[in-house]
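Enquirer: For reference, the chains in residue letters:
2 protein chains.
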Amino acid sequence: MASNTASPDVALVQKDAHPFERAQLEGLMTKRFFYTQAFEIYGGVAGLYDYGPSGAALQANLINFWRTHFIIEEDMLELDTTIMTLSDVLKTSGHVEKFADYMVKDTKTGDIYRADHMIENVLEARLQGDKEARGKERGAAEPEVAPAAADKKSKKKAKSQAIKLDDAVVDEYTKTLAMLDDFSGAQLAELIQKHDLRAPATNNEVTKPVEFNLMFESSIGPTGQTKGFLRPETAQGHFVNFERLLDFNNGRVPFASAQIGKSFRNEISPRAGLLRVREFTMAEIEHFLDPEKKQHPRFKEVEHLTLPFLDKHVQMSGNTTIVKMTLGEAVRSGKVDNETLGYFLGRIYLFLEAIGIDLERLRFRQHMDNEMAHYASDCWDAEIHTSYGWIECVGSADRSAFDLTMHSKRTKHDLVVQEALKEPKVYQKYLATMNKKVLGPAFKKDAKGIEDAILALSQDQLKTLMHDLDAGSAHVELNGAKIPVNKEHVTVEYKTIKESVRTFVPNVIEPSFGIGRIFYALLEHAFWARAEDKDRGVLSLPPLVAPFKVLIVPISNNEQLSPLAKEVSHRLRKMGIASRIDDSSATIGRRYARNDELGTPFACTIDFATVAKGTITLRERDTTSQRIGKIDQIISVLKQICDGSLDWKGACQILPEYTGTQDVEDS
Amino acid sequence: MASNTASPDVALVQKDAHPFERAQLEGLMTKRFFYTQAFEIYGGVAGLYDYGPSGAALQANLINFWRTHFIIEEDMLELDTTIMTLSDVLKTSGHVEKFADYMVKDTKTGDIYRADHMIENVLEARLQGDKEARGKERGAAEPEVAPAAADKKSKKKAKSQAIKLDDAVVDEYTKTLAMLDDFSGAQLAELIQKHDLRAPATNNEVTKPVEFNLMFESSIGPTGQTKGFLRPETAQGHFVNFERLLDFNNGRVPFASAQIGKSFRNEISPRAGLLRVREFTMAEIEHFLDPEKKQHPRFKEVEHLTLPFLDKHVQMSGNTTIVKMTLGEAVRSGKVDNETLGYFLGRIYLFLEAIGIDLERLRFRQHMDNEMAHYASDCWDAEIHTSYGWIECVGSADRSAFDLTMHSKRTKHDLVVQEALKEPKVYQKYLATMNKKVLGPAFKKDAKGIEDAILALSQDQLKTLMHDLDAGSAHVELNGAKIPVNKEHVTVEYKTIKESVRTFVPNVIEPSFGIGRIFYALLEHAFWARAEDKDRGVLSLPPLVAPFKVLIVPISNNEQLSPLAKEVSHRLRKMGIASRIDDSSATIGRRYARNDELGTPFACTIDFATVAKGTITLRERDTTSQRIGKIDQIISVLKQICDGSLDWKGACQILPEYTGTQDVEDS
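Top line first, the protein sequences correspond to chains D and X. The first sequence: position 254 = 254 (UniProt numbering), numbered continuously. The second sequence: position 206 = 206 (UniProt numbering), numbered continuously.
Hints are computed from structural coordinates only; laboratory data are not their basis. As the structure is a computational prediction, the values presented were derived from the model and not from experiment. Watch out, some of these pointers could steer you wrong.
One copy or two, either will do: identical chains are not told apart, so a pair holds if it fits within one copy or between any two.
Listed next, the in silico DSS-like pairs over lysine-lysine satisfying Cα-Cα at most 30 Å (straight line) [to be verified]: (1) 91 - 262; (2) 31 - 91; (3) 437 - 409; (4) 409 - 495.
Just need the whole structure built from these sequences, with the hints factored in.
Expert: Shown next, in the form of structure tokens:
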């Protein structure tokens with residue numbers, strides 16, 4: 001707190017004096033109750049976390065800003081659809097069939113592993129053993145090729161033994177690890193058998209991999225006949241409401257719907273803290289657009305932004321080099337497919353910047369073809385670097401027309417847009433007309449089949465049929481048999497068609513935010529320890545998202561100070577600025593330190609000058625610099641800082657430096 | 001739109017020209033996509049609803065204001081705990097055993113009824129038939145005695161037949177209906193048999209009532225061994241985190257935690273729209289306090305408020321007369337038990353007033369002893385009157401020390417507060433000390449039982465034991481037998497005890513808000529139809545909660561207007577004011593009407609005067625009055641109205657009346 005106390009220059013603060021230690025951050029998280037394992041007093045449940053006051057406030061601020069930045073600023077249609085989801089909906093979307101991981105069981109203990117994690121774990125241990133045997137220490141490997149692998153480290157980790165492997169085996173293991181995401185159950189089983197892979201904790205054999213669906217299942221109502229799942233994503237709630245959304249938007253695309261809410265994945269063995277959990281908050285946007293018009297009217301507002309890209313071609317060449325270029329260049333060069341996708345990448349970048357993510361630890365990584373979700377045709381992940389490696393925090397997938405098409409087929413509701421054409425489209429076409437009154441009696445039970453067969457004919461086939469009918473030699477194929485038909489049954493004409501409406505299934509671009517992952521990454525980026533004391537942690541959260549904006553500290557428990565502290569607190573709260581009074585008996589230094597750990601950016605100290613002269617001092621968290629002003633002035637500065645119209649540098653120009661530190665600290 | 005167009009006086013608007021029709025409101029709700037049945041295109045699922053853009057925005061605004069009014073303004077500790085809840089937690093809380101309703105099945109069709117609903121349904125039909133037979137038409141009965149009954153009307157309603165009943169039977173049925181809430185399964189079964197009650201839809205016999213637990217059950221993880229339920233309330237998430245919350249609050253009570261989130265009840269047969277659903281948003285406060293100190297420092301801020309009370313004594317006398325009195329009087333007279341409970345009732349009242357609830361249709365009803373939840377010792381419901389009758393919207397229960405005590409017992413965690421006493425408490429007490437080294441060998445397997453028996457003795461019994469030990473005639477009762485003991489086994493002393501810490505289990509006062517119910521009641525209160533046209537519905541939602549604050553209407557699709565509309569919209573959105581441009585080809589009157597249905601309080605009309613002179617007109621929804629001003633001025637007025645610092649009357653003093661209505665409407 002010494003030398004830079006009075007400096008307004010935040011850049012002078014030395015934040016990298018101590019290397020990051022995850023355990024220290026995790027300790028702070030529980031001590032200051034950002035989050036903790038759920039049902040802790042009952043022993044806890046893996047993959048379920050409760051957010052305490054500081055975490056819930058931080059999360060609420062993130063969500064609130066998300067709502068302002070995306071929903072209000074972009075005029076999106078917000079939704080709040082149910083978590084409990086009818087199983088039929090998730091059958092249509094493919095989740096009942098495909099949203100599964102493979103698991104294996106230790107044949108003796110019954111311990112369950114996610115199959116790919118176990119394989120990865122064992123192969124990595126063998127490779128590690130090989131390196132040791134060859135005398136090369138394997139570094140604290142940051143996964144370069146398979147970025148998602150970072151959060152898959154098992155607690156039940158296989159121990160490496162220094163055994164040298166053949167060069168060919170090393171090569172095979174390495175290649176296998178890179179492709180593991182794409183393996184089927186049969187392939188995983190084959191790997192396990194081929195390499196004699198065993199349960200890491202016990203070295204027992206494991207069972208064959210079996211699929212485990214990752215959705216929580218339940219039953220709706222008392223009959224047990226209506227099956228439901230907890231949604232694995234909020235997206236389906238948008239799609240099933242597409243007709244009403246389109247109507248709300250006067251029948252026109254593009255428009256975007258947005259939803260913030262909980263989703264669930266019944267992970268086989270969750271780990272990596274908040275990064276792989278069973279219940280999590282998502283914020284999802286479904287931007288519906290004309291597949292032929294992927295321009296965006298506001299793209300020019302973001303095209304100048306320089307983003308760090310890692311495209312699929314670079315990755316496929318075995319490389320992870322980030323290429324920085326402007327969004328304008330990226331779209332023009334085709335790296336990013338279209339303006340709308342590019343616009344969202346830009347908006348995501350601005351969102352992450354505003355909440356305090358270190359932009360040097362951010363990249364936009366394109367999915368390789370073998371890792372795409374079953375519904376996606378292209379996907380760019382905003383990945384944030386943490387002590388677990390690069391973490392997918394926002395996925396921007398092009399779901400094309402997949403979901404709307406599937407729901408249309410299943411429900412017979414046309415989930416389409418009808419666009420009035422400015423100039424009608426005129427063209428010619430062969431058209432068949434059935435004469436059902438004759439067709440039915442003539443062919444009885446085959447009539448429907450014949451009708452369907454005719455309707456399925458191509459234009460060329462219809463042309464042939466027309467000529468054959470004229471020639472009296474027409475027939476239709478039904479189940480391999482050739483059935484003769486004549487002009488009594490069906491006629492074919494070459495007609496002029498005039499279309500004044502274009503009907504299409506919109507495409508969907510889906511930016512999907514994992515709020516918990518962003519939350520955790522932000523905390524890692526915000527965390528540092530004071531140069532002079534490794535144990536004095538600080539969370540440099542921007543005022544926009546900090547759980548509490550202002551700490552109010554009466555310098556002592558003198559009775560004159562308490563009403564003033566309450567008054568300041570009350571006035572701040574009335575303006576919606578979250579403040580906390582700390583009137584505990586701890587020293588003022590301790591109280592400051594406690595709030596540095598909470599990420600509280602400012603502290604107002606109430607002392608006897610407040611009583612005598614109506615002044616309070618204002619301390620800034622990162623610099624620990626203190627300024628002084630009248631109560632009204634301080635409150636006005638805080639309001640401006642919290643609404644973003646002033647920064648600390650600006651505040652320092654308004655408020656003079658406080659020079660009576662010793663008085664304050666000693667009393 | 002004619003006579004009062006220019007009047008700034010909202011009170012002049014005639015809102016009661018047409019009687020309220022629920023079907024009209026419900027039509028508006030789907031047409032303007034406030035909400036709709038979930039999975040509508042799949043046929044829908046009862047009790048599950050999706051909120052569309054207008055509903056989700058209204059709900060988000062309600063929640064946002066709730067957070068400001070309660071959490072920030074009251075400095076509460078916000079939580080976000082998991083929905084998926086370990087079954088053990090809900091066993092402890094009593095939900096696994098007691099959170100159930102009885103159901104019966106139609107023995108032939110298999111249709112399921114909630115048992116009490118079916119009984120009520122049939123008895124009411126018989127009473128109705130009796131009235132008809134006696135020639136008295138029963139009115140459109142508003143349930144006066146059993147307020148909660150209003151939302152229990154079944155769709156499968158029993159038809160009444162005009163059959164006269166004995167006076168004694170009428171009396172018995174009436175009494176039964178009043179007590180139905182309190183009946184056990186056996187009593188319900190007896191009623192069904194005694195009165196030969198049958199399935200209303202078919203007149204078939206029904207099965208015996210069986211219990212159906214109202215929690216959705218699922219399984220956590222792949223083993224199937226960890227059972228979970230979707231939480232039926234958010235409260236348990238607060239209680240299991242009590243230790244961390246207390247620590248966060250420096251070990252002191254009182255403090256309040258708060259949580260906003262989804263909860264679930266697997267209703268047997270949900271109905272009454274949003275009022276009885278399977279998934280709903282709650283906002284719950286758990287205020288932890290010293291049972292001996294139930295005063296509240298801010299009570300004086302609300303004691304002047306006059307609230308409408310309906311206490312349990314009035315109800316037990318068969319009456320529903322509301323008594324209005326100030327909170328100060330209510331607490332002093334003991335009607336409301338204590339200041340803290342009173343303070344919350346006052347804050348709830350202010351919350352409901354601010355969001356636009358008609359205070360003439362609000363009452364605070366005390367639970368009668370027979371309707372209290374299993375954990376509650378007192379409860380006051382804020383009930384709002386709707387077309388379904390009086391609806392419980394906010395419950396304020398005194399859960400006493402029930403939950404913390406139960407969780408303490410189950411987990412062996414002491415969920416208590418330790419208060420340092422200013423003056424140590426000094427007193428004398430008999431204290432027994434076991435000599436385990438002798439006790440064990442002497443009594444073998446009975447040693448533990450003897451020890452427990454001694455520890456369970458009262459002070460008087462210990463005094464006797466002390467004397468008996470001195471006399472050599474002491475014994476301890478174990479399983480009915482008298483076991484002799486002596487001073488080798490145990491000694492008793494009369495000791496002076498000095499306690500400097502007081503340990504207690506805090507009590508909990510729980511205001512619990514059903515956001516969906518408040519949402520629906522608010523919509524009913526806000527809805528009316530223009531005097532001149534029954535089909536022109538208006539939602540008079542206050543700007544604080546209205547889904548969209550400002551409609552921007554370019555008067556035509558002239559190219560000069562569009563950029564101006566976008567500019568106004570952009571500037572409003574930048575300030576966080578949700579606005580929508582309606583540039584559809586509908587007439588301006590239609591566009592206004594559409595937004596009256598959305599509850600949009602203001603409309604900015606962009607016309608050629610905007611291009612030429614930079615003026616826009618501002619239309620107020622309720623009065624349809626229009627004012628005019630420069631763009632900056634209009635935006636400034638809107639900002640002030642939306643942040644609550646100005647009302648429409650004030651706005652009318654700033655902005656002159658717009659006199660060119662005809663120009664606007666005709667263009």
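Enquirer: So, for every hint listed, does it hold in this structure?
Expert: Hints, verified against the model:
For the identical chains of this complex, residue 91 and residue 262 are neighbours both inside a copy (20 Å) and across copies (24 Å), given an alpha-carbon limit of 30 Å. Proximity of residue 31 to residue 91 under the C-alpha cut-off of 30 Å is restricted to the inter-copy arrangement: shortest distance 29 Å between copies versus 43 Å within a copy. For a Cα distance limit of 30 Å, the shortest separation of residue 437 from residue 409 inside one copy, 29 Å, qualifies, whereas the shortest one across copies, 80 Å, does not. Proximity of residue 409 and residue 495 under a CA criterion of 30 Å is satisfied intra-copy only: 29 Å inside one chain copy versus 83 Å between copies.
Violation of the numbered hints given earlier is absent; every hint is satisfied by the structure.
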